[in-house]
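> Chain by chain, the residues run as shown.
Number of protein chains: 4
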Amino acid sequence: MNKQILTGKEIVVSVGNLKIGGNNPPIFIAGPCSVESREQILETALALKKIGVHILRGGVFKPRTSPYDFQGLEIEGLKYLKEAGNQAEIPIITELMDEKNLDIVLEYADIIQIGSRNMYNYSLLKTLGNIDKPILLKRGMSATVREWMMAAEYIAAYGNTNIILCERGIRTFETYTRNTLDLSVVPIMKNETGLPVIVDPSHGTGIRELIKPMSKAALACGADGLMIEVHPNPEKALSDGHQSLTIEQYKELFEEIN
Amino acid sequence: MNKQILTGKEIVVSVGNLKIGGNNPPIFIAGPCSVESREQILETALALKKIGVHILRGGVFKPRTSPYDFQGLEIEGLKYLKEAGNQAEIPIITELMDEKNLDIVLEYADIIQIGSRNMYNYSLLKTLGNIDKPILLKRGMSATVREWMMAAEYIAAYGNTNIILCERGIRTFETYTRNTLDLSVVPIMKNETGLPVIVDPSHGTGIRELIKPMSKAALACGADGLMIEVHPNPEKALSDGHQSLTIEQYKELFEEIN
Amino acid sequence: MNKQILTGKEIVVSVGNLKIGGNNPPIFIAGPCSVESREQILETALALKKIGVHILRGGVFKPRTSPYDFQGLEIEGLKYLKEAGNQAEIPIITELMDEKNLDIVLEYADIIQIGSRNMYNYSLLKTLGNIDKPILLKRGMSATVREWMMAAEYIAAYGNTNIILCERGIRTFETYTRNTLDLSVVPIMKNETGLPVIVDPSHGTGIRELIKPMSKAALACGADGLMIEVHPNPEKALSDGHQSLTIEQYKELFEEIN
Amino acid sequence: MNKQILTGKEIVVSVGNLKIGGNNPPIFIAGPCSVESREQILETALALKKIGVHILRGGVFKPRTSPYDFQGLEIEGLKYLKEAGNQAEIPIITELMDEKNLDIVLEYADIIQIGSRNMYNYSLLKTLGNIDKPILLKRGMSATVREWMMAAEYIAAYGNTNIILCERGIRTFETYTRNTLDLSVVPIMKNETGLPVIVDPSHGTGIRELIKPMSKAALACGADGLMIEVHPNPEKALSDGHQSLTIEQYKELFEEIN
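For the record, the sequence lines run as chains A, B, C and D.
Read in order, the letters of the first sequence correspond to residues 1 to 258 in UniProt numbering.
Read in order, the letters of the second sequence correspond to residues 1 to 258 in UniProt numbering.
Read in order, the letters of the third sequence correspond to residues 1 to 258 in UniProt numbering.
Read in order, the letters of the fourth sequence correspond to residues 1 to 258 in UniProt numbering.
Keep in mind the hints are simulated off the structure, nothing from the lab.
Possibly wrong hints are sitting among the right ones.
Stated by the list, open to error - In silico PhoX-like cross-links for lysine-lysine, where the CA-CA straight-line distance does not exceed 20 Å:
1) D:Lys-216 x C:Lys-100
2) B:Lys-251 x B:Lys-50
3) B:Lys-49 x A:Lys-126
4) A:Lys-79 x A:Lys-133
5) B:Lys-251 x A:Lys-100
6) B:Lys-19 x B:Lys-49
7) B:Lys-212 x D:Lys-216
8) B:Lys-216 x D:Lys-212
9) D:Lys-216 x B:Lys-216
10) A:Lys-216 x C:Lys-100
11) C:Lys-126 x D:Lys-100
12) C:Lys-100 x D:Lys-100
13) C:Lys-3 x C:Lys-49
14) D:Lys-79 x D:Lys-100
15) A:Lys-100 x B:Lys-126
16) C:Lys-212 x A:Lys-216
Stated by the list, open to error - Selected chain A positions facing chain B (Cβ under 10 Å, derived; list incomplete):
17) Tyr-108
18) Ser-123
19) Tyr-154
Positions of the beta carbon are idealized from the N, C-alpha and C atoms, including for glycine.
For reference, chain A alone in the conformation it holds in the complex:
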């Protein structure tokens, strides 16, 4: 177990019939920051499916800065998300925060997301190396390119190379945007690891108006997909409302790009 596995040789990740990476067309992942109710996620799923979205996202275990903030609907939310994915006939992705919930998330989700806060959680990464579900590995909020590569290598070293990388902005001195979206990692990480790289302009900027231009930029430099927060009613969202697009706004973005 001493030879680096991710060395730049192209890896295409399959989710059902969907192919991510390589020369495949970019994939579109969308959905609310949090699953808030059965109605909310069902409505969103059906609307997004109609627009052409490939994968439905929705958080059910939420890593919140304050222990007193909404922590997600947890397993109940996961069931709603699954039901929504089933009705809309699209695969679902959700974040896993710990090993405790691995089995249930494995049972329901098609892709397991590891969030920025857990990119350095090597125990969890090793565990994910032992399963064969695709993993979406977000960059840590101040992770260097090498640290991110090595985090992916932890998963690969233990046996799972079905990894999708996701740039979501880094922490810098700038306060105008929520994070500084670092698009240079798209060509860098694709070249260094061979893995597909997608971009999350919602967290990457934190500003609704910037999502469209940064989505175009991401695809222009080679991103294999986009993950964007969409909420049927951002003003009432329990988290990240200010950076969520309405379904209508997302539709416009989707059509302009495609």
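Position chains B, C and D relative to chain A; hints supplied.
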């Protein structure tokens, strides 16, 4: 569970007869980055005890950037560390990386360290709220003051206020030092949370020659203790040798400060 | 003199017949980091003109970190640059470092560049407000969006609104790239100031292979132009050779983009 | 002019009878951010002299982020500052922003301050190499240790080694403090350059309550002095009031430290 618990009221943490924080004299934690062998940790423990060190540190589960680097002696190392602490008659501290090893670490260690990479691991923090051992919570490598406060609050909110905070440097543009030691958080965090705050100048600078001046600075602005890497033979250390003091160098620092 | 002038109303900057900003097609600025000899700049100018470049760049006063590094050919270099621009029939841009050389630079250059190191040089900015030549104002290496806006406002407040902004990467913890190219400022600065915004992917990444993908990304999110370092023989360049494209590489990039 | 001059050999800077650096006791520089009126600076100077301050500071040319903010009393203010220094019988320091005002500042000031925004202004630094007044060179807001060393080297290379370095905090992701005070540069810069290094905890933290603990920390790690903002009435200050101490607060700090 909605009212902030850590509001600045002074909290003194007890480890056996040792009191940390408040008006108590600063505590000295020292030992190698990694427990490497029974001999190494025994030799170090006895020498440090003789110098006057209060708590022995030693890593047995190591969060390493690369999966191919030395990952620690794990449970075997923990037993060596415990034996060394027993022989030297000083309490021990070691890092816990995941819930899987919580029971065994609880059994052996006197203080449980949560490293920078796990400061945002809210699932683990919640679990630590349910035990009553003291927790040493390192600042995340780019954690803001508020995020660090809230990480401690996760532990407190679930019932455990025996928390020691540890500044270990933050990530900035500067490359001369390994990290930028941010001493302003000593008065800030003491005031905001009431918890004891100690400083780790070894990781905070990454440069052996800077450990003494920065230790003095840390105490001058109110730090409740220092955690310093000491190795009987830094040149042969399996990790962090370049920033470790020899026992002789540590003795000189200890005497100059006390 | 108390009302903000740059408020988002679109400003198109003219350089001879060239229009920059608004709905005009993107402009291409290229040339060596430093003017090194008459032959070098003439050869480059003629080759770039043939490819379709709009403006020739070349540094003659060089702000170097070390006082012992090559400081540029100064006025002699400026004359070579002018001659090259004349022969190739394209306007020229060069950096001004101080007021002392303002008159001579004004006489020769078509656009005056203010580099990152002088973005906060408010005395110089005020002086540039009193002339009517176009100014290319690079973002400071750790300038916030607001500071950059206000630096442009210094020029505008004293009477000159012929300003082109240039993103060239910011300083972050990342060391893989020379700087972190922050493309989100393209839509932000265009919207906040109304000024044209161009991108310099050469300094923004410091890596030859990243220039093409980041150029495409810059244009995709609305950049009004690109400034790229090109050298007939990068291996022998006196400065920034590793991030310079050969003329052949630039031609390929230019054709692929246009 | 090709051999590095500042190589770590100790340099003591003289200002009248005052010696700065080496084994000399720390010097105390204090005064308002801006000279606002004859009365304000006279009152401050006399009060500070009585406390024991060695050097009076006061800004008359102010580098403000916005062109519409108070830009200083300029030459009128310089005359007030000089008069105050004369009456209190202490030397004065003020910031120079450009060559235009060099002669008048040279005539009045005992030390010339180069602010953070001009640390990379190499033209100005070269000019200061040709005079023999002491220069206080602040670190740029995101200047690396090497860049700061080389900025000092610019002055030294042109003939003036009467340089005092001043750490004033760097720009990081943290927003709780105005800047992150990087005290590790005190031993680093003293060792690398041999020059005296002082610390400005007022800009370094931006928070009145942190000035005392960080002053103590600065001296504990070897700083050769402190520069602190003091205003007779911070609430009415035209700039930086929130980080200024009252004369009474400064007196308390001065006595506690001495």
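> Work down the list of hints and note, for each, if the structure agrees.
Going down the list of hints, with the structure as the test:
1. D:Lys-216 x C:Lys-100: Since the Cα atoms of Lys-216 of chain D and Lys-100 of chain C sit roughly 43 Å apart, the hinted pair is violated (cutoff 20 Å).
2. B:Lys-251 x B:Lys-50: Given pair Lys-251 of chain B, Lys-50 of chain B holds - Cα atoms ~9 Å apart, limit 20 Å.
3. B:Lys-49 x A:Lys-126: Given that 20 Å is the threshold and the Cα spacing comes to 37 Å, the pair is violated.
4. A:Lys-79 x A:Lys-133: holds (18 Å)
5. B:Lys-251 x A:Lys-100: violated (44 Å)
6. B:Lys-19 x B:Lys-49: Cα-Cα ~17 Å, so holds.
7. B:Lys-212 x D:Lys-216: holds (15 Å)
8. B:Lys-216 x D:Lys-212: holds (15 Å)
9. D:Lys-216 x B:Lys-216: holds (10 Å)
10. A:Lys-216 x C:Lys-100: Measuring from Cα to Cα gives roughly 43 Å; hence the hint is violated.
11. C:Lys-126 x D:Lys-100: holds (13 Å)
12. C:Lys-100 x D:Lys-100: holds (10 Å)
13. C:Lys-3 x C:Lys-49: violated (42 Å)
14. D:Lys-79 x D:Lys-100: Within the cut-off at roughly 17 Å; holds.
15. A:Lys-100 x B:Lys-126: Holds, at about 13 Å.
16. C:Lys-212 x A:Lys-216: holds (15 Å)
17. Tyr-108: violated (18 Å)
18. Ser-123: holds (4 Å)
19. Tyr-154: holds (5 Å)
In this structure, the hints that do not hold are numbers 1, 3, 5, 10, 13 and 17, in rising order.
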